[in-house]
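Residue-level listing of the chains:
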Amino acid sequence: MNANIVIIGAGISGTAIAYYLAAKGMKDIVVVDKGYLTNGATGRCGAGIRQQWATKMNCIMAKKSVEFYEKANQTLKYPGDIEFKQEGYLIVAVTPEEDAQFSKNVELQNSLGIKSRKITKEEAKEIVPHINTDMFISATFCPTDGHINPFKANDAFYQAAKRLGVSFYFHEAVQSIQTVNHKVVSVTTDKHTFETNKVVNAAGGFAHEIGLMAGVPIPVYPEKHEILVTEPIEKIQGPMVMSFGKNLYCQQVPQGSFVMGRGTPGALHNHDIESSWEFLDEMAKTVVAFLPVVGELRVIRQWAGSYNMSPDRQPILGTVDECEGFYVACGFSGHGFMFAPITGLLLSEIILNQPTSIDMTELCMNRFKNQKTIEVEKSVV
Amino acid sequence: MRIFKHPILDFPKKKVIHFQFDGVEFSGVEGDTIASALYANGIKKLSESVERHRARGLYCAIGNCSSCYMTVDHIPNIKTCVTPLSEGMIVESQIGKGVIR
Numbered sequence: 001m002n003a004n005i006v007i008i009g010a011g012i013s014g015t016a017i018a019y020y021l022a023a024k025g026m027k028d029i030v031v032v033d034k035g036y037l038t039n040g041a042t043g044r045c046g047a048g049i050r051q052q053w054a055t056k057m058n059c060i061m062a063k064k065s066v067e068f069y070e071k072a073n074q075t076l077k078y079p080g081d082i083e084f085k086q087e088g089y090l091i092v093a094v095t096p097e098e099d100a101q102f103s104k105n106v107e108l109q110n111s112l113g114i115k116s117r118k119i120t121k122e123e124a125k126e127i128v129p130h131i132n133t134d135m136f137i138s139a140t141f142c143p144t145d146g147h148i149n150p151f152k153a154n155d156a157f158y159q160a161a162k163r164l165g166v167s168f169y170f171h172e173a174v175q176s177i178q179t180v181n182h183k184v185v186s187v188t189t190d191k192h193t194f195e196t197n198k199v200v201n202a203a204g205g206f207a208h209e210i211g212l213m214a215g216v217p218i219p220v221y222p223e224k225h226e227i228l229v230t231e232p233i234e235k236i237q238g239p240m241v242m243s244f245g246k247n248l249y250c251q252q253v254p255q256g257s258f259v260m261g262r263g264t265p266g267a268l269h270n271h272d273i274e275s276s277w278e279f280l281d282e283m284a285k286t287v288v289a290f291l292p293v294v295g296e297l298r299v300i301r302q303w304a305g306s307y308n309m310s311p312d313r314q315p316i317l318g319t320v321d322e323c324e325g326f327y328v329a330c331g332f333s334g335h336g337f338m339f340a341p342i343t344g345l346l347l348s349e350i351i352l353n354q355p356t357s358i359d360m361t362e363l364c365m366n367r368f369k370n371q372k373t374i375e376v377e378k379s380v381v
Numbered sequence: 001m002r003i004f005k006h007p008i009l010d011f012p013k014k015k016v017i018h019f020q021f022d023g024v025e026f027s028g029v030e031g032d033t034i035a036s037a038l039y040a041n042g043i044k045k046l047s048e049s050v051e052r053h054r055a056r057g058l059y060c061a062i063g064n065c066s067s068c069y070m071t072v073d074h075i076p077n078i079k080t081c082v083t084p085l086s087e088g089m090i091v092e093s094q095i096g097k098g099v100i101r
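Top to bottom, those sequences are chains Y and W. Residue numbers for the first sequence follow the working numbering, so the first one is 1 and each next one is one higher. Residue numbers for the second sequence follow the working numbering, so the first one is 1 and each next one is one higher.
Since the hints were made in silico from the structure, they are not lab data. Glycine included, every Cβ here is placed at the ideal spot set by N, Cα and C. It is possible that some hints are incorrect.
[Claimed, not checked] Okay, derived cross-link-like pairs now, DMTMM-like style, lysine to aspartate or glutamate, Cα gap no bigger than 20 Å in a straight line:
| id | chain 1 | residue 1 | chain 2 | residue 2 |
| --- | --- | --- | --- | --- |
| 1 | W | K97 | W | E87 |
| 2 | W | K97 | Y | E375 |
| 3 | Y | K118 | Y | D99 |
| 4 | Y | K235 | W | E48 |
| 5 | W | K97 | Y | E231 |
| 6 | Y | K235 | W | E51 |
| 7 | W | K44 | W | E92 |
| 8 | Y | K63 | Y | E377 |
| 9 | Y | K104 | Y | E375 |
| 10 | W | K97 | Y | D99 |
[Said to hold, decoys possible] Cβ-Cβ distance ranges computed for the label pairs, FRET-style:
| id | chain 1 | residue 1 | chain 2 | residue 2 | range |
| --- | --- | --- | --- | --- | --- |
| 11 | Y | K71 | W | S27 | 43 to 53 Å |
| 12 | Y | S275 | W | I3 | 38 to 48 Å |
| 13 | Y | D281 | W | V50 | 25 to 35 Å |
| 14 | W | K45 | Y | S275 | 52 to 62 Å |
| 15 | Y | N270 | W | K45 | 44 to 54 Å |
This is chain Y alone, in the form it adopts within the complex:
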C-alpha cells in the first residue's frame, strides 16, 4: 500500500497532526495505532489545560492551544462537545523558593499575553473556599486554564480527520521502519506494509522504541504516573488545584468527580502502568492536607499511564538529523494533551515545508546537541 505519510499513534497528537495535514489538502494520510482510539496516554491523562509555565516555549504553545480549544467544537465541526471548562488553575507556592519563582513565572506569562496573576492565600481561599491555607505561602491563578474531556477531544480530531479522508488502522502495531541511505521508504506493521517517505512518531510512551526502528535515538523515556477518581458530588471546586513542591494536582470534573494525581518518586523508566496501593495511600494523604473536605469522598477507581519524558521537560518536535522523512512529536513530559492543537499545526507546517507559526529552534531534537546547558521546565507534576 502507498501512503504520502504514516502517522504512528492515534492519540491526541497523532490525530491532531492528521487533521491539520488533511485540512491543508494532503491526501493518502495513514494513521496506525497498536490499540484503539485514545487507548494510550491521552485517555489516561489528568485532563488539565494550563498556560502557567516557567519556560517561554511551553507558555507560547499552551496559549495557542487554549485559543484553538476555545473554538474547537466549531473548527472541527464536532457534533458533540469537548467540554472545555475554563475555571482556572490555582497553583500554590509551598516554599519561599517557589514563591519567588512564581513571581518570575507570572512576569513571563504576562509578557506573552497569558492573564495569570500572583495572589495571596486569602484571595486563593475566595477562589477555592475549602482549601487549607496553612499549606502554602502564596499562589498564582490563571482564569482561562481549565479542563477538557480527553476522550471527546481526541474523538473530535479523529472524526474531523476521517471526514477529510484520513485512513485509520487500529489494533495494528508498527514492527519496523525501512530506510535507504537514511531516508524513510516504508513502514511495516503486523498486518500491512505502507510504502511511504514520511513517518511521524507520535507514539507517546513508545516514542523511543519507534525512533530506534528508524535508527534515531530520541532522548526520551516512559515514566508511570498514577491517577485516582472519587465518587461525584455537587460542584464545590471550579479550578484545578496544583502544587509542584508537594506533588499534587486535583480537579473536580464537570460530572462531579474529583480527579487527582501525583508523580511517583523513583519511578522506573519503563512501560509499567499498574495501579499501586502506595499511590492511593500517598495521594489520599496529600490531597486531604490541601483540600480536607475531599477526604469525605469514596475513591471509585485508579489508573495509570505513561509520561514520555524529555531531558528539559519540553516537547521534541519536527525533523531529525539522523533520518530524512522521519518526524517526531514526542517528549511532552505529561503535557501532550494540552499542547495537541499547536503540535498538529507545527508538524503540518514542517511536513509541508511551510513557514512555522512560531520559532521552532528550541523544540527541535538537535537542541540537545547544540546547547551546553538546557533550561529545564520546573512546573511539572
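Since the structure of chain Y is already known, use the hints to place chain W on it.
Coordinates of chain W only, in the frame set by chain Y:
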C-alpha cells in the same frame, strides 16, 4: 412488610427506634438498616436518578450499587441499605449528587 410468624424461625419483639424521614416521624426496630426501616413503613423510593430524576429504590441491597444513597444526619451519599438505623436519625431524600458541607 415484616414477618411475625414463621414455621421454623422465631421473631421476638425488638426495641423500637425512632427516626425522621423528610421531616416526618417514623419508627423501626433494633437490627434494621435505614432502608429496611423505610421499607417496613411502605417507603420504597429512596433516591432519584441524577439526570432524569426517575425513582430509585433498593437494587443490590448489599452496599455496592449506590441506588439507595440518601442524606443522613446532613451527610450525603449514605448507603442506607447497609447503614444500621439508630435513635433520632434524620434521614432525607437526596436530589442530585449530594452536597458536602
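Verification of the supplied hints:
1. W:K97 - W:E87: violated (26 Å)
2. W:K97 - Y:E375: It is violated: about 45 Å lies between the C-alpha atoms, which goes past 20 Å.
3. Y:K118 - Y:D99: holds (9 Å)
4. Y:K235 - W:E48: Given pair Y:K235, W:E48 holds - Cα atoms ~18 Å apart, limit 20 Å.
5. W:K97 - Y:E231: Within the cut-off at roughly 9 Å; holds.
6. Y:K235 - W:E51: holds (15 Å)
7. W:K44 - W:E92: holds (13 Å)
8. Y:K63 - Y:E377: holds (16 Å)
9. Y:K104 - Y:E375: Cα-Cα ~15 Å, so holds.
10. W:K97 - Y:D99: Judged against 20 Å, a Cα distance of about 37 Å means the pair is violated.
11. Y:K71 - W:S27: 43 to 53 Å: Between Y:K71 and W:S27, where Cβ atoms are some 60 Å apart, the hint is violated.
12. Y:S275 - W:I3: 38 to 48 Å: Holds: the Cβ-Cβ distance is about 44 Å, inside 38 to 48 Å.
13. Y:D281 - W:V50: 25 to 35 Å: holds (30 Å)
14. W:K45 - Y:S275: 52 to 62 Å: violated (37 Å)
15. Y:N270 - W:K45: 44 to 54 Å: Holds - the Cβ-Cβ distance for Y:N270 and W:K45, about 51 Å, lies within 44 to 54 Å.
Violated hints, in rising order: 1, 2, 10, 11 and 14; the structure is consistent with all others.
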